[in-house]
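Number of protein chains: 2
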Amino acid sequence: MEKIRIGIVGYGNIGRGVEQAIARNDDMELKAVFTRRDPKTVSIKTEGAEVKHFDDMVSMKEDIDVMVLCGGSATDLPVMGPEVAKNFCTIDSFDTHAKIPEYFANVDAAAKAGNNVSIISVGWDPGMFSLNRLYAESILVQGSTYTFWGKGVSQGHSDAIRRIEGVKNGIQYTVPIEAAVEKVRTGSEPELTTRDKHLRECYVVPEEGADLKAIEEAIKTMPNYFDEYDTTVTFITEEELKKNHSKMPHGGFVIRSGETGTEGNKHVIEYSLKLDSNPEFTASVLICYARAAYRLSKAGESGAKSVFDIAPAMLSQKTPEELRKELL
Amino acid sequence: MEKIRIGIVGYGNIGRGVEQAIARNDDMELKAVFTRRDPKTVSIKTEGAEVKHFDDMVSMKEDIDVMVLCGGSATDLPVMGPEVAKNFCTIDSFDTHAKIPEYFANVDAAAKAGNNVSIISVGWDPGMFSLNRLYAESILVQGSTYTFWGKGVSQGHSDAIRRIEGVKNGIQYTVPIEAAVEKVRTGSEPELTTRDKHLRECYVVPEEGADLKAIEEAIKTMPNYFDEYDTTVTFITEEELKKNHSKMPHGGFVIRSGETGTEGNKHVIEYSLKLDSNPEFTASVLICYARAAYRLSKAGESGAKSVFDIAPAMLSQKTPEELRKELL
Numbered sequence: 008m009e010k011i012r013i014g015i016v017g018y019g020n021i022g023r024g025v026e027q028a029i030a031r032n033d034d035m036e037l038k039a040v041f042t043r044r045d046p047k048t049v050s051i052k053t054e055g056a057e058v059k060h061f062d063d064m065v066s067m068k069e070d071i072d073v074m075v076l077c078g079g080s081a082t083d084l085p086v087m088g089p090e091v092a093k094n095f096c097t098i099d100s101f102d103t104h105a106k107i108p109e110y111f112a113n114v115d116a117a118a119k120a121g122n123n124v125s126i127i128s129v130g131w132d133p134g135m136f137s138l139n140r141l142y143a144e145s146i147l148v149q150g151s152t153y154t155f156w157g158k159g160v161s162q163g164h165s166d167a168i169r170r171i172e173g174v175k176n177g178i179q180y181t182v183p184i185e186a187a188v189e190k191v192r193t194g195s196e197p198e199l200t201t202r203d204k205h206l207r208e209c210y211v212v213p214e215e216g217a218d219l220k221a222i223e224e225a226i227k228t229m230p231n232y233f234d235e236y237d238t239t240v241t242f243i244t245e246e247e248l249k250k251n252h253s254k255m256p257h258g259g260f261v262i263r264s265g266e267t268g269t270e271g272n273k274h275v276i277e278y279s280l281k282l283d284s285n286p287e288f289t290a291s292v293l294i295c296y297a298r299a300a301y302r303l304s305k306a307g308e309s310g311a312k313s314v315f316d317i318a319p320a321m322l323s324q325k326t327p328e329e330l331r332k333e334l335l
Numbered sequence: 008m009e010k011i012r013i014g015i016v017g018y019g020n021i022g023r024g025v026e027q028a029i030a031r032n033d034d035m036e037l038k039a040v041f042t043r044r045d046p047k048t049v050s051i052k053t054e055g056a057e058v059k060h061f062d063d064m065v066s067m068k069e070d071i072d073v074m075v076l077c078g079g080s081a082t083d084l085p086v087m088g089p090e091v092a093k094n095f096c097t098i099d100s101f102d103t104h105a106k107i108p109e110y111f112a113n114v115d116a117a118a119k120a121g122n123n124v125s126i127i128s129v130g131w132d133p134g135m136f137s138l139n140r141l142y143a144e145s146i147l148v149q150g151s152t153y154t155f156w157g158k159g160v161s162q163g164h165s166d167a168i169r170r171i172e173g174v175k176n177g178i179q180y181t182v183p184i185e186a187a188v189e190k191v192r193t194g195s196e197p198e199l200t201t202r203d204k205h206l207r208e209c210y211v212v213p214e215e216g217a218d219l220k221a222i223e224e225a226i227k228t229m230p231n232y233f234d235e236y237d238t239t240v241t242f243i244t245e246e247e248l249k250k251n252h253s254k255m256p257h258g259g260f261v262i263r264s265g266e267t268g269t270e271g272n273k274h275v276i277e278y279s280l281k282l283d284s285n286p287e288f289t290a291s292v293l294i295c296y297a298r299a300a301y302r303l304s305k306a307g308e309s310g311a312k313s314v315f316d317i318a319p320a321m322l323s324q325k326t327p328e329e330l331r332k333e334l335l
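Quick note, the sequences are listed as chains P and U, same order. Each number in our numbering corresponds to the 1-based position in the first sequence with 7 added. Each number in our numbering corresponds to the 1-based position in the second sequence with 7 added.
Hints should not be assumed to be uniformly reliable.
Put simply, identical chains are the same to the list, so a pair is met inside one copy or across any two.
[As the list claims (entries may be wrong)] Derived DSS-like pairs (lysine-lysine); straight-line CA-CA distance at most 25 Å: (1) Lys-249 / Lys-332; (2) Lys-254 / Lys-52; (3) Lys-325 / Lys-254; (4) Lys-68 / Lys-305; (5) Lys-190 / Lys-250; (6) Lys-106 / Lys-332.
It is worth saying that the hints were derived from the structure and are not from the lab. Note that the structure is predicted; figures quoted are calculated from it, not measured.
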């Protein structure tokens with residue numbers, strides 16, 4: 008069997024997750040990791056794969072079928088996405104919701120110009136959660152959809168804590184409020200405020216001699232990040248932070264309830280994830296969509312796509328016949 | 008807006024559910040219900056729609072875009088599916104798992120000959136549950152998938168009870184065993200026997216003077232249906248049966264857990280349904296796949312398909328732009 012040849016652009020948590028996910032998929036192989044650092048300083052796990060500089064990408068145009076873009080959404084992907092899509096099929100996890108239409112248009116133009124397929128915003132949210140919102144609202148046309156996140160680490164909120172004066176280190180967990188989740192599960196379609204749905208747990212390592220009261224106050228009243236939530240602040244040592252908070256668990260729930268017929272029959276559709284490692288799971292989703300991009304490109308398609316445009320069968324190593332026989 | 012014109016073939020529980028689902032989708036209209044009974048004896052709810060005999064179907068070839076086939080899988084659909092697919096795009100909920108490959112081949116040949124699109128085995132299982140098995144195993148390549156059904160009425164098991172001597176009426180609920188579901192949710196990938204996963208609750212109305220002990224024994228030892236399960240038998244009156252057991256609730260869970268990376272990180276993906284009305288929910292799924300069949304046919308495709316082959320965006324009334332903006 009000819010393997011699908013993958014390139015990884017960016018070797019952070021997601022990039023390393025993608026490398027591990029490739030090793031778990033028999034029909035794929037990692038050809039190269041691309042980095043903006045000095046390639047000599049980056050050591051990867053895959054035997055036979057190369058580490059190359061970002062600027063040397065095009066030299067491998069004939070050797071790579073799909074590039075998995077593992078840059079950040081704030082500054083990396085808006086530039087990198089369209090740039091790489093000119094020369095390669097791409098997958099990314101662009102997650103700045105408000106900028107998705109603009110990003111899609113830019114990647115679409117580049118991918119079409121290069122005759123490549125680029126699937127954007129792949130992962131679990133955006134990604135699997137988006138899919139479940141779409142399926143559920145297409146079935147239950149009249150109803151309400153709720154998304155809960157967590158318990159899991161929010162990188163943005165953790166960064167915000169670390170910028171506060173007197174804070175040496177810190178981490179923030181987004182926690183769904185169980186009572187709200189339960190209320191939604193009854194199918195009663197409750198109206199929920201931001202405060203009703205999630206709380207925010209902060210674990211903070213203070214600088215020596217810092218004013219703890221002031222730190223707590225600064226966190227709890229921070230606009231956009233914490234002021235609309237019930238927030239707890241727990242001070243811990245750097246050692247405790249390393250020991251108890253170095254994993255990257257996450258997860259959440261998409262729940263839609265709605266009515267059918269004329270006799271008030273209610274239905275509840277729920278999709279949930281419980282993840283030990285957010286980046287490894289995201290990488291696993293990226294990799295099965297890489298398979299879809301490869302197949303669509305071979306079939307002559309081009310342009311930007313999202314998970315909404317990909318027929319599920321495209322994601323599987325199994326043939327359509329096997330899928331119908333074993334999973335339908 | 009031009010509406011998608013739907014025909015319903017068979018006017019039982021599912022057919023009536025489809026009629027109600029059409030009323031909840033602004034882009035669709037019911038044109039006709041087809042029945043094998045005398046059309047004069049069938050009264051439907053939709054003003055302006057016709058009731059016609061099954062044999063008059065072809066006369067409406069120019070008036071109907073998609074036929075939703077609401078016959079049974081045992082004897083109706085194997086004949087009706089290929090027959091109708093010659094002249095119309097079709098959707099059905101064929102659910103005899105073992106015969107899906109054969110059924111698919113027959114419908115595919117007919118649909119291709121007639122230049123129509125036919126989506127088979129649509130509903131929640133097969134259907135949404137199948138999709139979730141596929142997505143979950145494509146992401147977590149190494150892992151285990153579990154399907155639990157219920158609490159809900161099994162028509163086949165209820166029929167089996169009613170065939171026993173001394174039984175006047177009866178109903179059977181399939182009940183997932185909570186302890187097993189919880190064990191699966193931990194991600195431990197337990198090995199579960201049939202008896203570990205579900206129990207069967209039977210509510211039986213006996214004939215006057217019937218031997219209750221004998222009925223209970225006959226149910227509990229019935230091969231294929233009950234002997235591999237823990238089964239409870241409760242005797243009730245016909246009145247109680249009507250009062251407490253006339254609804255058709257159902258639901259269930261698809262759970263996959265698996266490992267990623269090299270450090271033993273585990274993940275649990277769960278999809279669950281809690282349905283007040285099995286036929287109304289199934290009908291709602293059928294109707295959004297009817298939209299997909301219509302669109303694919305307009306785009307020039309033909310042949311049999313399953314839910315695996317349908318890009319999610321095809322199901323929604325929203326445009327691709329709206330979907331990316333609102334749901335991604």
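Hint-by-hint comparison with the structure:
1. Taking the closest pair of Cα atoms, Lys-249 and Lys-332 never come within 25 Å of each other, the shortest separation being 48 Å inside a single copy and 38 Å across copies.
2. For the homomeric pair Lys-254 and Lys-52, the shortest alpha-carbon distance inside one copy (20 Å) is at most 25 Å, but the shortest distance between copies (57 Å) is not.
3. Within a single copy, Lys-325 and Lys-254 get their C-alpha atoms no closer than 33 Å, and across copies no closer than 39 Å, so neither meets the 25 Å cut-off.
4. With identical chains, the CA atoms of Lys-68 and Lys-305 are at most 25 Å apart within one copy only, with a shortest distance of 15 Å there and 37 Å across copies.
5. In the homo-oligomer, the alpha carbons of Lys-190 and Lys-250 never lie at most 25 Å apart, since the shortest distance is 35 Å inside one protomer and 27 Å across protomers.
6. When the C-alpha separation of Lys-106 and Lys-332 is checked against a cutoff of 25 Å, the pair qualifies only between copies, where the shortest distance is 9 Å, while the shortest distance within a copy is 41 Å.
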